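Trainee: Sequence order for the protein chains is E and Z. Read in order, the letters of the first sequence correspond to residues 211 to 361 in this note's numbering. Read in order, the letters of the second sequence correspond to residues 211 to 361 in this note's numbering.
Don't read these hints as lab results, they were simulated from the structure. As the structure is a computational prediction, the values presented were derived from the model and not from experiment. Be aware that one or more of the hints could be misleading.
As the list makes no split between identical chains, a pair holds if one copy fits it or if it spans any two.
[To be verified] Heads up, simulated BS3-like pairs for lysine-lysine below, C-alpha to C-alpha not over 25 Å straight-line:
#	residue 1	residue 2
1	Lys235	Lys336
2	Lys250	Lys224
3	Lys283	Lys219
4	Lys235	Lys250
5	Lys235	Lys224
6	Lys250	Lys336
7	Lys235	Lys219
8	Lys219	Lys250
9	Lys283	Lys250
There are 2 protein chains.
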Amino acid sequence: MSDDSSFAKPSSAKDAEEGLAFAPKFDSSGLVTAVVTDSKSGDVLMVAHMNADALRKTIDTGEAHYFSRSRNKLWRKGESSGHTQRVVEMRVDCDQDAVWIKVEQHGPGACHTGRRSCFYRAVPLKQTGSIALEFRDAEKAFDPHAVYDKK
Amino acid sequence: MSDDSSFAKPSSAKDAEEGLAFAPKFDSSGLVTAVVTDSKSGDVLMVAHMNADALRKTIDTGEAHYFSRSRNKLWRKGESSGHTQRVVEMRVDCDQDAVWIKVEQHGPGACHTGRRSCFYRAVPLKQTGSIALEFRDAEKAFDPHAVYDKK
């Protein structure tokens, strides 16, 4: 695949906000935040990070690529699970340090725990002290052991 | 306001994922990522960050609070613009380092540039080299100078 992952360099805040040059603002770790929503339901499926290479490969191929901070490597979504994500639309935010991708999620779920979305627990509001989460849309869409623990 | 912003401490990955103790995993800067969607349209309005205090105040009050990295301070959304956000639901993701809040956006827009959402430009896919963004839903919902440049 292309090793040209270079993008325009961020310029002034005004240009970043009102211009049409895509000049992603990577953080000190070289990452932008990626918010991933389901193109059909609109639900947030996951939040991940992209380095320049992941961003370039996502744009090149239309398939979601991320950078795994825990494994310190580029990661094509679905490379282990088969649950790939086809990007329907990519947007960038005002200061160009976050992208929003609307995806067609292939396979039953986006979350490695087996759920459709990573956001399967609600945080109750107007509580003080320690907070007990509540499961919400938390049914398992697939068995993660069967999917990931392949010999 | 309460100075009790303490939450349960993150435990094992398994407990973080499958348990019901809210134990947000703050990064090295003490922040979690907050994805903010419009409770009616489902659109992503903005991506921001919360420190423990912002998270606690959001939960306590049901009004969105963030931590501004550029200004290095707690920030109640709408404190300058009047465009507050009432939280309809808060969710947390599998590893508890990101929250998703669905909000009722008060006033015309969430973005300081005057748009309804911060994501008002599309990144065209399957392009190489430098990339020209395309405005999408980029109409100004309010005049940022009139809103922010008050004497």
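Trainee: Broken hints, numbered, in rising order?
Mentor: 2, 4, 8 and 9
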